[in-house]
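Novice: Required output: the full structure, derived from the provided sequences and hints.
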Amino acid sequence: MIPPDPQHPRFPEWQLLSQIHDQPELIARAAEALPGQELALQKHLREHWPEGWVRCAFALADARRRGVEKFRLAGQMWFDRKGLEQATPEEVARHKARRFTGHVYDLCCGIGGDALALAESCNVTAVDLDPCACLRTEWNAGVYHVADRVVAECGDATRVDVGTSLVHLDPDRRQSGQKSVRLEDYAPGPAFLQELLQTARGGAIKLSPAANFVGRFPEAEIELVSLRGECKEATVWFGELAGIDPWRATVLPEGATLAGNPLEQVADLAPPGRYLYDPDPAVVRAGLVDLAAVTLGLGRLDLREEYLTGDALVESAFVQAFEVLAVLPNNPAEIRDYFRRSTFGQVEIKCRHVPVQAEEMRRKLPLPGQDPGVLVIARIAGRARGVVCRRIASRRPTNRPPWADATGRTPLV
1 MIPPDPQHPR FPEWQLLSQI HDQPELIARA AEALPGQELA LQKHLREHWP
51 EGWVRCAFAL ADARRRGVEK FRLAGQMWFD RKGLEQATPE EVARHKARRF
101 TGHVYDLCCG IGGDALALAE SCNVTAVDLD PCACLRTEWN AGVYHVADRV
151 VAECGDATRV DVGTSLVHLD PDRRQSGQKS VRLEDYAPGP AFLQELLQTA
201 RGGAIKLSPA ANFVGRFPEA EIELVSLRGE CKEATVWFGE LAGIDPWRAT
251 VLPEGATLAG NPLEQVADLA PPGRYLYDPD PAVVRAGLVD LAAVTLGLGR
301 LDLREEYLTG DALVESAFVQ AFEVLAVLPN NPAEIRDYFR RSTFGQVEIK
351 CRHVPVQAEE MRRKLPLPGQ DPGVLVIARI AGRARGVVCR RIASRRPTNR
401 PPWADATGRT PLV
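Numbered by the numbering used here, the letters in the sequence shown go through residues 1 to 413 in order.
It should be emphasised that the hints constitute simulated quantities derived from the structure, not laboratory data. Beta carbons are placed, not taken as given, at the ideal position from N, Cα and C, and that holds for glycine. Among the hints, a few may not be true.
Okay, the calculated beta carbon distance ranges per label pair [what the hints assert, rightly or not]:
1. Leu41 x Thr295: 52 to 58 Å
2. Val160 x Asn212: 23 to 29 Å
3. His145 x Leu41: 27 to 33 Å
4. Leu367 x Ser18: 52 to 58 Å
5. Gln42 x Leu303: 29 to 35 Å
6. Glu47 x Arg400: 50 to 56 Å
7. Pro262 x Gly36: 50 to 56 Å
8. Thr164 x Ala187: 24 to 30 Å
9. Arg182 x Pro262: 32 to 38 Å
Only pairs whose alpha carbons sit at most 30 Å apart, straight line, appear in this in silico DSSO-like list of lysine-lysine [stated by the list, open to error]:
10. Lys350 x Lys364
11. Lys82 x Lys43
12. Lys82 x Lys179
13. Lys350 x Lys179
Specialist: In structure tokens form, the structure reads like this:
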């Protein structure tokens, strides 16, 4: 990329990054630091390299360790704290990239998480106001062997003429240093998002799954994406890339997807059966709980609860199954009495809409055994109840990325 003007406020960091990039030995030495030995190693390395270089190398090593939760090649990539926090996990980025073809503008590209996935099948122009982000995107494209399909440009995303290209936009949610879920606090803000929907041929806008997006994009498809049980983003698909259904929930890494209109399906209410089911967060946030229930042949415990139930054991990426052992009044004394006579030694307390001090309740529960259990506090036919369950082991992937070892680490380079 073209070096920024020396008067640019980010030029000193850009220059430092460029210098560190040519110091593989320093980077490797910083990555060798063991817990509790960082200060001693930093002191030793400062005898051979400038203090600023050493500090930068240690920050990079720390970011690479944390980056393993998102990226297969994190041990070789270039991150800063903010860029890593906002970067799309590799598995989510690859899922989104499947809809794109041809040339794509990746606006507000950050460290290039989405650009890397898009470049597997598209030519990408990655744009960011921060020259350091652009530099990291270029280097990360090299790590993933897609440098010939990624061009990074430093500039204002709102001034880019995307022409007939498709667009991916990841607005900055941390302008003030604190993460915000309000679209009004995004940069670019709601006005530009709406303008993009009207002027671009098609594309995707990445939003926080907790953002206030409901009702803001009536002509678009909104996809909620979860990864290993955590809802990661809301993707607003528009133009040529939008599907026919207004809402979609996708569960990764399984790739299971559920699409429809929340208003077109109503599940039957049912008393607790042999099994209780907790829908995936993407299904809940997309408002597709009733569609999931109808699709899987399950009922709902209550209109104000997302929990589903049935007598048949259903194995699906859209729900986590629990075996129901007892249904108790929401009475602390009766709940404690039940657990006193149980074989449980640990208990997970789940609640959504019934006010519960879960930690305080857990501390007061007598747990004489060793078995793990689950206590769900939920409304059933309008009344709060305690449902004692046992989690059903599923065949779903583990909660660690497939490239991480048992400790969650990948080699640092």
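Novice: Regarding Leu41 and Thr295, is the given constraint of 52 to 58 Å on their beta-carbon distance met?
Specialist: Holds: the Cβ-Cβ distance is about 55 Å, inside 52 to 58 Å.
Novice: Would the hint linking Lys82 and Lys179 be met if the CA-CA limit is 30 Å?
Specialist: 10 Å, holds
Novice: Quick check: does the Cβ-Cβ distance between His145 and Leu41 fall within 27 to 33 Å?
Specialist: At 32 Å between Cβs, range holds.
Novice: Taking 50 to 56 Å as the hint, is the beta-carbon distance of Glu47 and Arg400 inside that range?
Specialist: 38 Å, violated
Novice: If you check the beta carbons of Gln42 and Leu303, does the distance land in 29 to 35 Å?
Specialist: 58 Å, violated
Novice: If you draw a straight line from the CA of Lys350 to the CA of Lys364, is it 30 Å or shorter?
Specialist: 16 Å, holds
Novice: Assuming the hint says 32 to 38 Å, is it satisfied by the Cβ distance from Arg182 to Pro262 or not?
Specialist: The hint (32 to 38 Å, Cβ to Cβ) is violated, given that Arg182 and Pro262 are roughly 23 Å apart.
Novice: Falls inside 24 to 30 Å, the C-beta gap from Thr164 to Ala187?
Specialist: Roughly 26 Å apart at Cβ, these two residues keep to the hinted range, so it holds.
Novice: Take a quick look at whether Lys82 and Lys43 sit within 30 Å of each other, Cα to Cα.
Specialist: 26 Å, holds
Novice: Could you see if the CB distance from Val160 to Asn212 stays within 23 to 29 Å?
Specialist: 26 Å, holds
Novice: Given the range 52 to 58 Å, decide if the beta-carbon distance of Leu367 to Ser18 lies inside it.
Specialist: 57 Å Cβ-Cβ, so the 52 to 58 Å window holds.
Novice: So does Pro262 sit 50 to 56 Å from Gly36, Cβ to Cβ?
Specialist: Given a distance of about 52 Å, which is inside 50 to 56 Å, the answer is holds.
Checked against the numbered hints given earlier, the structure breaks hints 5, 6 and 9 and satisfies all the rest.
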